[in-house]
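*Asks:* Given next are the chains, with one letter for each unit.
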Amino acid sequence: SDRVRINVGGTPFITSSTTIANAGADSMLCSLLNENWEPATRDPQRHEQDEIFIDRDPALFAVLLDLLRTGELRTPHGIPHGMLVREAVFYGIDRHVKAASWGSPLDGNRVRCRASVRGRATTDAVAIRASPGGGCGVAHGPMIHVYDWSLEELPPVTLDFMSVNDFGFLPRNPLRMVVCAADRGDIGGLGCVNAATGKLIQRMKLELDDSSRSFMALACASSDCEVFASSRMRGVGIWDQESGRNVGFVTSGEGGGGSKLQWLPSSNLLLVASMFPHSDHCFLTLLDRRQRTKAWEWSDCEMRSQPLIMDAVAIQNRNMICVVDQSDELGFIDTRMGGGGGGGSGAAFAPACWSHMFQRLKRSEMEEHLYSKLRINASDPSSENLQLFSTREEAVLVHSCSLLPATARLSVSGGGGGGGSGGIADIDVGGDRLFVLHSDENLFDVWESPP
Amino acid sequence: MTWCALLRWHKREKKLTRAYTKIKKGESGYGELFVWQALAHSPSGGVPSRDATNSRPHGNPWRRFPRALGSGKETLGGELGADRPAPAKMSQPKKKPFKIEPFKHKVEMDPRYAEKTWKILEDAIHEIYNRNASGLSFEELYRNAYNMVLHKYGEKLYAGLETTMTQHLQEFSRVIEAAQGGLFLEELNGKWSEHNKALQMIRDILMYMDRTYVQNSSKTPVHELGLNLWRDTIVRCPTIKDRLRDTLLDLVHRERTGEVINRGLMRNITKMLMDLGVAVYEEEFEKPFLDAAADFYRIESQQFLESSDCADYLKKAERRLNEEMDRVTHYLFPRSEPKITSVVDREMIGHHMKLLVEMENSGLVSMLTDDKYDDLARMYSLFRRVTTGLQTIRDLMTSHLREVGKNLVVDPERLKDPVEFVQRLLDEKDKYDRIIRSSFSNDKTFQNALNSAFEYFINLNARSPEFISLFVDDKLRKGLKGVSEEDIETVLDKVMMLFRYLQEKDVFEKYYKQHLAKRLLSGRTISDDAERSLIVKLKTECGYQFTSKLEGMFTDMKTSRDTMQGFSSMMANCEQPGEAPTLSVQVLTTGSWPTQSGARCNLPTEILSVCDKFKTYYLSTHTGRRLTWQTNMGTADLKATFGNGARHELNVSTYQMCVLMLFNMADKVTYREIEQATDIPAADLKRCLQSLALVKGKNVLRKEPMSKDINEDDVFLFNDKFASKLYKVKISTVVAQKESEPEKQETRQKVEEDRKPQIEAAIVRIMKSRRVLDHNNIVSEVTKQLQARFLPNPAVIKKRIESLIEREFLERDKVDRKLYRYLA
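Taken in sequence, the protein lines are chains A and B.
Our numbering numbers the first residue of the first sequence as 1 and each following residue consecutively.
Our numbering numbers the first residue of the second sequence as 1001 and each following residue consecutively.
This is chain A alone, in the form it adopts within the complex (with noise of 0.2 Å):
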């Protein structure tokens, strides 16, 4: 009596009710067995039930079938994913697949190139932001192309076709986007996007002195309810997510508003980093969001001798930020260190404090230098599991537990089937995935921990 007959497309499959319970109630199959629809499946009298006919391809029913009963998705060869998702969106279980394929929360350690993707856009590609909902954004000049998790393209964003600086997505809702951009007058370079139409939902402007007034956005960051953008000179705006009022503002002082912002959830700081080339030295502060003041604050003003710093990116629970130099040496801070604000805060960032694991880069002038970017494993910023993902030339390496030295060293010249040579743009993580996007060939790969 539990049995179900279906029939996909003329073949028949007979399985349990149980199975298709799996689906979730909110499925379209769930729906089909519903006493609403079919009285007739509860009707103890009949034993051998009708058929239920759906007009769809059997083939990649089986597989769907497959993953309902067994919670694994085996895809036959000569099957594409993108098929697949679009018929498991068909039954209403998508999230069935999306869960069955997308690997294990992301271990650095263990990962795989899945996927490689290559976009059409006419620029290079200068920046990609992962959404939490596993799909991501690539921004080539005034253009942001989306994909979505199972790495279709979405209609591209853009603001006004002006050249964009930064973008993100907010973490409660990964259909949102917010992107920074240059100003063009009065349009303003802030505003919020739904990622999955392109369509720009509203306009950020910041409210000072009782005029609202458009600027030009260098960086971003949102918390669970707010948005956090830099402009250029002044300082950090702080935007309500809901309604998309300025609520405030908090100059940062020198160094300008940042180049780089980075929210930090359990201690409730935003970390502002202004670097070259927006500013000559590298100035990290570290902003209370309720006070409004800062926190904590640090610069490179007075070691002359050190190279640039080209990115920073705090590690949270371990009270430090991580910094990477123009000879991709790391270095590390300590935030529990100087504080307050005070000038001699700079002392705290002992030259011990940089790792001489790496012999530095001889380049020749010549070449254009793919500088080394760092991103972190935020998903879980309090577990053990905490990785810091760093770029070299053509490879990521991945920082575990105590951070030095590198754990794992993923090459992606080559690798992953992409073939992209020209060294890494940029990467970001999240979602369970890592980005990497090639400087060259607008290529980017998608790495995955397997389940």
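Simulated from the structure, these hints should not be mistaken for laboratory data.
Take the hints with a grain of salt, since some may be wrong.
To be verified - Derived list of chain A stretches under chain B, where covered just means 3 residues or more per stretch with a C-beta under 8 Å from a C-beta of chain B:
1) 132–146
2) 213–227
As the list claims (entries may be wrong) - As a list, the in silico SDA-like pairs of lysine to any residue whose alpha-carbon atoms are at most 25 Å apart:
3) B:Lys-1219 <-> A:Lys-294
4) B:Lys-1152 <-> A:Lys-294
5) B:Lys-1197 <-> A:Val-4
6) B:Lys-1156 <-> B:Gly-1190
7) B:Lys-1152 <-> A:Asn-173
8) B:Lys-1219 <-> A:Val-4
9) B:Lys-1197 <-> A:Asn-22
10) B:Lys-1549 <-> B:Glu-1531
11) B:Lys-1197 <-> A:Ser-17
12) B:Lys-1668 <-> B:Thr-1616
13) B:Lys-1191 <-> B:Ser-1218
14) B:Lys-1152 <-> A:Val-247
15) B:Lys-1152 <-> A:Ser-17
16) B:Lys-1197 <-> A:Leu-151
17) B:Lys-1750 <-> B:Met-1633
18) A:Lys-294 <-> A:Pro-277
19) B:Lys-1219 <-> A:Thr-158
20) B:Lys-1219 <-> A:Gln-202
21) B:Lys-1116 <-> A:Phe-53
22) B:Lys-1156 <-> A:Asn-22
23) B:Lys-1219 <-> A:Glu-152
24) B:Lys-1156 <-> A:Glu-87
Note that the structure is a prediction, hence the values are computed from the model and not measured.
We put the beta carbon where it would ideally sit given N, CA and C, even for glycine.
Got chain A; can you put chain B on it based on the hints?
*Replies:* Here is chain B on its own, set in the frame of chain A:
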């Protein structure tokens, strides 16, 4: 372009690739021909742009060949890949796998496709609302909806759904409006469940739209849309809104007045409002419901107040409260419970608290007096629900208790018997302890209130310390005889509790010392353990200093026993027993005992000789000590033979013994002679003569003239006719158990005298640590330090400060006269 054309194009493209590879190998001429052939085969309607380029190079194909090949490859890829732009870096050729993207092409559709599909779906929605869905195929409907969304008709679908659903709901609304009287709610409930079921099915059909179109375009999901439409078209429809509210409130009112209503229906309706959102529930039902409840209970509480006494009122209020809670569990949303109960609390209790507790003959006071535990407990549990409720009860209880206590301690009638006096206090305390325990759930604040009230009125009477000590004395001398150890402990604990309330603990100590001394010396304490237990309690309460002297008294008693053993064995060795009187001496350390220095008397010679012997014996073992006889505290047993040969043993005090011994020589002695011979202080002598001559049945002496008072001219005669049934006769000194007025003054003075050094010590201690302090602060610090023993009078403190200034412990600050400085 049609699919057919596309397929052919694919074939040709494969050939082209082959041609390219061959040319690469060097067979250029043939290759070229091949290419052209292949192109010539293409149907004219294929790709117009290509045909245009192909038609041009007829002139010199050889020269054009390389470019044609290169661009051919590029254009081919470009065109097939929809709008793919040419790669930027053409100049540096790279190894790129030649990949042909799947062709994406929009299927040309019947322009009326959307209309047709929507018609099918619309009909299905109608059928669903008409409860005629059995003929519908879910798969077909789902597929249709899916296709509509797929072909970008999501917006049309959504809008159509909204319109259709609104139509049906408007229909429903008309039906509901038409329902008569009691059927209104039934109808509403019925339609609501129909709508819910329909909504469920519609959502099933449109699930794909819900998951894709609705999410991407930030629309309201189907289910929510259905609820919102129901809310706006039905619940907030002007003709239904008020009627619904009034019907619900009417039902609640009817239930409050005792009718039975259909709770299941009520439950369904309130659940519907909740499903529409908390805001809807609150606005459409909860708020008016609370207002109605407030009105209802405002009136009812007035009626109750007029018709019932406090206890009854509280019973009714409690019942109402339980009814409301019951109502919430049966058909309201649980979140309403605190709100509705707070309305009842406010209207039934909060507004009438004062009136209730002060109600004549039934309020709090009479409940307390009559020990109405249940009523008190009810009052407590109800009043605690209101912010200042317990405060009200507590305040009234405290003031009542103070009143009662004040009467208890200052009523002169009650002061006559100290034991009774203390017993009453204890009884009162027990009573209130019981009330707090059983009715006020042992509330700490009530216990504190009780304590402060006791502290207040016990200290109203300056004699409380004395009385409490007397009570203990009474209990330890006779009251506790034959009582188990545990019970003794209980009594002592209670006494200690009263002791805690005392402010003048040092006065108690004084009295206690006196009373203890008497008990010890007369050997009439019932249990050493009880005595010691009490001292331990005092020690834990007031510290070592407080009891060190009391403990010293016990030590003295013990060493005296040892000394007397040694002395009597020595006497037995060297003298014949029986001749000399037996002497029992208790050696008391000066200072530990309440001794009177002025006590003197001439002992009879027989006694004196034994005393001297003891003195020699004692001083031989303890050199460097001085013994003084405390004749006022001793007792003696005398054997006497009266006229008719009757023999009696008389138990008398030392003074009495001295007097009686005089009658060994003569039968008749005048007062003056006695005074001269014994040298006893006049007051004591008079008292002692009084007890010998004037107490009926114990008058071993006769007095002439017969009168009630002793005069200096009186003559005393040996009473030959003394008779008593007992062999042993105890002649107690006439002594007021309570202190006489002058004695009281004396004790008081002693206490004050003792306080002086303590206050001074406290001042010096404080000043030593603080160096400079102003007057008020000194006073408050001293008071704080000495609180455990007594409450020092600020005037006395001031005097002590002045005395210390005189003795140059302190000095006044030269600038600020209020400041004192400590002089090291």
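*Asks:* Are the Cα positions of Lys-1152 of chain B and Asn-173 of chain A separated by 25 Å at most?
*Replies:* Holds: Lys-1152 of chain B and Asn-173 of chain A sit about 24 Å apart, inside 25 Å.
*Asks:* Tell me if the straight-line CA distance from Lys-1219 of chain B to Lys-294 of chain A falls inside 25 Å.
*Replies:* Not satisfied, since the Cα-Cα distance of roughly 40 Å exceeds 25 Å.
*Asks:* Decide if the proposed pair is consistent with the structure: Lys-1219 of chain B and Glu-152 of chain A, CA atoms, cutoff 25 Å inclusive.
*Replies:* holds, 23 Å
*Asks:* Run the distance test for Lys-1197 of chain B versus Asn-22 of chain A: straight-line Cα separation, threshold 25 Å.
*Replies:* holds, 23 Å
*Asks:* Are Lys-1197 of chain B and Val-4 of chain A close enough, with their CA atoms no more than 25 Å apart?
*Replies:* holds, 24 Å
*Asks:* If you draw a straight line from the CA of Lys-294 of chain A to the CA of Pro-277 of chain A, is it 25 Å or shorter?
*Replies:* Holds: Lys-294 of chain A and Pro-277 of chain A sit about 23 Å apart, inside 25 Å.
*Asks:* Next pair to validate is Lys-1668 of chain B with Thr-1616 of chain B; report whether the Cα-Cα distance is within 25 Å.
*Replies:* violated, 36 Å
*Asks:* Take the C-alpha atoms of Lys-1156 of chain B and Gly-1190 of chain B, compute the straight-line distance between them, and say whether it is at most 25 Å.
*Replies:* violated, 31 Å
*Asks:* Given the hinted pair Lys-1156 of chain B and Glu-87 of chain A, is their Cα-Cα distance within 25 Å?
*Replies:* holds, 23 Å
*Asks:* Has the given pair, Lys-1219 of chain B with Val-4 of chain A, been kept, meaning a C-alpha gap of at most 25 Å?
*Replies:* Since the Cα atoms of Lys-1219 of chain B and Val-4 of chain A sit roughly 35 Å apart, the hinted pair is violated (cutoff 25 Å).
*Asks:* Given as covered by chain B, does the stretch 213–227 of chain A meet the bar of three residues or more with CB within less than 8 Å?
*Replies:* The restraint on the stretch 213–227 of chain A is violated, since only 0 of its residues have a Cβ under 8 Å from chain B and three are required.
*Asks:* Run the distance test for Lys-1116 of chain B versus Phe-53 of chain A: straight-line Cα separation, threshold 25 Å.
*Replies:* holds, 22 Å
Checked against the numbered hints above, the structure breaks hints 1, 2, 3, 4, 6, 8, 12, 13, 14, 15, 16 and 22 and satisfies the rest.
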